[in-house]
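Colleague: Got chain A sorted already, so can you dock chain B onto it with the hints?
There are 2 protein chains.
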Amino acid sequence: LYGYTGHTLAKMLVTVSTGIITGLFAVFLSKFTGAITEWKLGVIEDKSWFVSFLLFWLIGSVLVSAATALVQYWAPASAGAGVTLVMAYLNGNHVPNLLRFETLISKFLGTVCAVSAALPMGPEGPMVHIGACVASCITYIECKCMDGGIFSIFTNCFSCFSRRGHDFNLKEKMKILDEIVSDSDHREFVSAGVSAGISAAFGAPVGGVLFSMEEACSFWSRKTAWRCFIAATLSTFTIQLMNRSAQHGMIAFTGLRAMENKDWLMQLPFLIINSGMAGLLGAAFNSFRMWLWKVRAVKTRHVLRILEVIGLVFLVSLLGHFFGWAAGMCKPFPEGWQEEGYGLRFNCEEGQYNDLATMFLSSQHHTIIKLFSVGHDDTVDVEEDKYTPPFSIGSLALFATIYLGLMSVGAGLAIPGGLFMPSILLGASWGCFWGLILRLWLPAWNIMPGLYAILAATGVLAGVFRSAISLVVLVVEGTRGIDYLIGVILAVIVANWVAHHIHHDGVYESELERIGNVYMLRDEPPHRLFTLTAEAIMATGVVGFRTITPVSRILEMMRTTTHNGFPVFADEEPEDEDGGGGGGELPSTKALVGLAHSSSAADISNAEKALTSGRLEGVILRSQLLVLLQRRHFCDADGRPIGRDYSEQQELDLETEMRTFFRRYFTHARYISATAQPLDELKLDGVHAGSTTLDLSNLYIDLRPYMNRSPLTIRKDCSAARAHQVFLNLGLRHLLVVDAHNHVVGIITRKDLDHAAGHGWWRMSHMAEPPQNN
Amino acid sequence: LYGYTGHTLAKMLVTVSTGIITGLFAVFLSKFTGAITEWKLGVIEDKSWFVSFLLFWLIGSVLVSAATALVQYWAPASAGAGVTLVMAYLNGNHVPNLLRFETLISKFLGTVCAVSAALPMGPEGPMVHIGACVASCITYIECKCMDGGIFSIFTNCFSCFSRRGHDFNLKEKMKILDEIVSDSDHREFVSAGVSAGISAAFGAPVGGVLFSMEEACSFWSRKTAWRCFIAATLSTFTIQLMNRSAQHGMIAFTGLRAMENKDWLMQLPFLIINSGMAGLLGAAFNSFRMWLWKVRAVKTRHVLRILEVIGLVFLVSLLGHFFGWAAGMCKPFPEGWQEEGYGLRFNCEEGQYNDLATMFLSSQHHTIIKLFSVGHDDTVDVEEDKYTPPFSIGSLALFATIYLGLMSVGAGLAIPGGLFMPSILLGASWGCFWGLILRLWLPAWNIMPGLYAILAATGVLAGVFRSAISLVVLVVEGTRGIDYLIGVILAVIVANWVAHHIHHDGVYESELERIGNVYMLRDEPPHRLFTLTAEAIMATGVVGFRTITPVSRILEMMRTTTHNGFPVFADEEPEDEDGGGGGGELPSTKALVGLAHSSSAADISNAEKALTSGRLEGVILRSQLLVLLQRRHFCDADGRPIGRDYSEQQELDLETEMRTFFRRYFTHARYISATAQPLDELKLDGVHAGSTTLDLSNLYIDLRPYMNRSPLTIRKDCSAARAHQVFLNLGLRHLLVVDAHNHVVGIITRKDLDHAAGHGWWRMSHMAEPPQNN
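Respectively, the protein sequence lines represent chains A and B. Residue numbers for the first sequence follow this note's numbering, so the first one is 1 and each next one is one higher. Residue numbers for the second sequence follow this note's numbering, so the first one is 1 and each next one is one higher.
Everything labelled a hint here was simulated from the structure, so no lab data went into it. Even glycine gets a Cβ: it sits at the ideal position worked out from N, Cα and C. Warning: the hint list may mix true and false statements.
As the list claims (entries may be wrong) - Here are the computed lysine to aspartate or glutamate pairs in the EDC-like style, where the Cα-Cα straight-line distance is at most 20 Å:
1. B:Lys223 - A:Glu214
2. A:Lys223 - B:Asp185
3. A:Lys31 - A:Glu340
4. A:Lys331 - A:Asp505
5. B:Lys47 - B:Asp505
6. B:Lys223 - B:Asp263
7. B:Lys294 - B:Glu308
8. A:Lys47 - A:Asp505
9. B:Lys223 - A:Asp505
10. B:Lys331 - B:Asp46
11. A:Lys223 - B:Glu214
12. B:Lys31 - B:Glu339
Claimed, not checked - To spell it out: a stretch of chain A is covered by chain B in this simulated footprint if at least three of its residues, at any positions, have a beta carbon under 8 Å from a beta carbon of chain B; those stretches are:
13. 227 to 239
14. 448 to 458
15. 473 to 480
16. 484 to 496
17. 714 to 720
One chain only, chain A, in its complex shape (with noise of 0.2 Å):
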């Protein structure tokens, strides 16, 4: 019916339900959040200063103990911001239990506790990985099932859909899922769950689908953006629904006017420090943040890492409440900050706040919001000099040292949260610092501070992520100031470029290099690339098969390698090669047969150790071989079949088999089938003495039917640039290198080409060990 098969049917289903399950999550997380400061904070309110500061420390160590624990026992996949695993993770990396649902469930929990504990983290980076771990559940949803996991709430969602109308059973619906869950599906549900992730966040759909396509994605296709767009649209417009009193924008601020173009031409030089200034700020927090994880020692005891976090509650609670004491000012309640509950009354007199105390403890969504909004309740022209902002000139700055030391303290902590409701605050409190200068200095010139905090927290977010356009859309989208565009805009290009010379990367990439085990390969191949070969970047020493393989060899290979793909020569008389490893002269397979016969596997597997190179033929798959294996799907050594006869249905299983191979496990399947495990349940041969161990030395497999017989190759002397982008853009896995007579001389891998670059102007944190000839 119009084209639309089940198929794309279970799909749509997917993404849609991702939207919603994403909104949902959003809502309850700020709901819980909410409740639990509101609660925090009505407990320390009329207490006396020592007692509240010990009560905020308490039930802040509670929620954060509460928060690590569950990290460090139950899930460890969820600490931090999960933005970088979760880039990681669609770059093609693939990374465990970063999208299961422990995970999920952790993640959520943990970002309530750090943010309600007034720690310096927000919940949108979280987001992010909550919407990539919804959508991936969802998806695998039946796997679940069909393990006797965890019983899950989606299941429900799936069964009263199927019963609605829908005539397609259970059974059918099983195999729809079971399609739809291949790689690259996932991948893009999972790139639709970080749109919908960060929409939520910000309430911004645009702004989540370009976050999604110029930070998160590697991939990208119309239909990927199709699919963001879609669960990003229904993302914000689940939690629209669902909190009737929320702003459209997550940010937005009240009441600012608009500039006319002659105060933008006037203010542009200080715009232009503003924005320089707050991507200074950015870069420098980055720059302590590696800083302090080079000197602080990793902890490895689960009890050092909880008390860690309680230290972190200590200094919060310590520093706002002594700094409060000791510099805070006290104002009168400005119109409606009463009722909305924001404001804490502190050491001051009734219907006063202590603004410097509001600002370290109280939720650092509403701060933000104020901040945003100084100078809108006043005129400038009208008494110029009795206008009282709501925050003091000198609290501000003090407020903005601090913060950016506990923000850099705090990031790498094992406990959810991210860095951009952090980086908004500071920004924002930098910003409005100098408006408020700037309007004592220069009281005619229309200057609203609330402007220039925007502005700030723009260059700020542009300091710490270097992203560009989608920063600009989710500022716009996120604050609904559209009249401001040009001056976001502005900001993120000073912010950016200033920010570029103190150092090269933002912060996910900083951490992507930090993080040993994943290899991420950047959109634009490295300077250093350029002046190498695919010669001098690939690893040496391909193990491949012959076409007509024998049992044993291909067992033992598969036991002493971890590849997944393997290369398979031609039977031919290989010719003398100059340029070749260390291996000697090459038997043919007829001599390797000969062999076989007369003598057992191990010998068989020490001659043909040498066989290394070769005229490709094709490449075969580990999750082939394991099939073929399964199957017994075994020949003598000229390729005439044994045990089983050919019919045309059977070689159909069987290449369905094969291609959903690894669609019937978790992601993490792929690591388990790169072990020996598979292979010892096969029971086939004699290491693991089963009784159904056969007599392998006669038995052979042929590849010729199933290997790809058109595996993309370069030329050895081709520039390391281009493999770069031969295979990023095609999404490789491998890339075999070939000579001029299509002789297998090596293969790349995105370990190869991670480590090739590893000395490029980009990677300043450490060098990476040279790439290991396996």
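Modeller: Structure of chain B alone, referenced to chain A:
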């Protein structure tokens, strides 16, 4: 200094000037158009029905005749919107004269005329083309100066810059410019120009960048994004500065209220119908247009083309006056209209205006703003019955119907003009009509017809162009209606979905299909390619050279083909091939050398005609061959140089000359280079007997030092979809197809891929011819 070389600086300068100059063009475009329209309306005011009609027609005819004459006699590439051809250029096609200075001027003047003649055409599409031309002209300015061609205003800008304290002299500057105009850089600048153009047209910098990304560009990188971003921002900023009275967005409306969640939910069905119908209208326009294109015989005579356009003006004038007289309603002027000069009195009393005549005959831009604002100047609960919308329901319905017809007739004429503005006007009139009906029917429902007009305009745009994210951002930025974001997104999704079921392609894609000589490659491989192999779509009979080739043969091949790249085959005895072409046995080079010594050049080429296969050694480009021939870089049959000595400097010069071959000429130099013209100029062979003709029989060229030794190849049994991916993602011009022994069996070019996809689901309009084997 700070890692910025002169190179980067020059590039940045080009980007900046592109943005500013495109902005200036937009300013003047809108000023001229406004002035002419105002003058015209002043002339026909207070005249009788018939005189007014004649005058309107007469003035319009003069204007459009001028525009069409410019297009027909001076710059044919400036007809239509030009967006499609710019897209084709950015996709990798060469379109002659598309980006020349003449085209720019003709486009600018033509658009002014067409828009002010009240034809159903807008200035947005042409702005894209203008932006692209500006970018191209700026980059090629240097070549123009050297050619002694038209004196260009941009020279001033450059020379004034070079004087301003920067101490590189003119010569050095030239060298820098010489380096920046490589093909890929040029595409980057043109992309930036496109962004600047669209951003200037709508006042939407982010939307401009996204349009460039989503619609126009086939290649996209972070660097391109930044370049587009800066150009787009500057062009918008320029407009704002120049045009003090301008709103921030070009189609910004005034004073609609934000809607409650409740209202959104209640009106959801109406909104969906609204957007769906709008999508239908858009798709219907596309269909009409394609149909009319088939029906209407293509006029070849210039005069006929001009008469055609005059006929359209006649139609507009006639229909406008007739319906204004017959069906138009007289309404009292709302507040503010008379000051703006909007509203035609026509046959009405003093202080009143005729709504239908106003819509037909006055500025479209103003009408759109008025339509978007319907519903703002009244509150629903007060005096329900007395509300009089500025346009009556009947007039709106009539207008929308007739306008759809006029738009369809107008498309494809030989006059510059875009589709954005007419589509918006069509959508706005439909949406306003629907909104007013709903309002009559459900007076208590708080329905704002202006909102419906905005969303319907979005829907028509989505139906016509099938963009997604860029459209949302364009509309939101253009109207500044960020409160209606969710509605806009909804409209885009619904309209796209509806329109997709009418026919698959947007107007750009259909138009690209129609243009026969452009091979546009889609982002994703067409379905049909998945079932084919590379062998099935490649062109066979590739001609190539041996590594040491007689000059006469090179000349022969370059004269008889128009290829830009030739494979170079290894000097080895080819093995027997079973799947070879009809080429019999292939004589080895040694045998050919014998032939060459004993017979004439013509004999050699006949004997070597068979040389269409062999083991691939490398690829040599036509431009490289031209340079080698020009330099008389000859050798004898064994590779010893003749008539020259090797020096390192000479070799370096040669390499530089090869690399910069095309940069020293305009884009269309590629066409010339593919003809015999440059060969004739070299005066090498006897065909054009000159005084310097050499005896070529003993002269050879050794291609080995210059050829690309590592061309990317694919195996012949690779899937055609894979070939498409490789080709597009890596931006190739030719892709050699080899067999397992690395022998060339064919070549895939842009043309082959396009033809192979010819019968796919998306190519509805006509069947392509099968690929012609050269």
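Colleague: Determine for every hint whether it applies to the structure shown.
Modeller: For each hint, the structure was consulted:
| no. | hint | result |
| --- | --- | --- |
| 1 | B:Lys223 - A:Glu214 | holds, 12 Å |
| 2 | A:Lys223 - B:Asp185 | violated, 28 Å |
| 3 | A:Lys31 - A:Glu340 | holds, 15 Å |
| 4 | A:Lys331 - A:Asp505 | violated, 42 Å |
| 5 | B:Lys47 - B:Asp505 | violated, 46 Å |
| 6 | B:Lys223 - B:Asp263 | violated, 43 Å |
| 7 | B:Lys294 - B:Glu308 | holds, 16 Å |
| 8 | A:Lys47 - A:Asp505 | violated, 46 Å |
| 9 | B:Lys223 - A:Asp505 | holds, 15 Å |
| 10 | B:Lys331 - B:Asp46 | holds, 17 Å |
| 11 | A:Lys223 - B:Glu214 | holds, 12 Å |
| 12 | B:Lys31 - B:Glu339 | holds, 18 Å |
| 13 | 227 to 239 | holds (count 5) |
| 14 | 448 to 458 | violated (count 0) |
| 15 | 473 to 480 | holds (count 4) |
| 16 | 484 to 496 | holds (count 5) |
| 17 | 714 to 720 | holds (count 6) |
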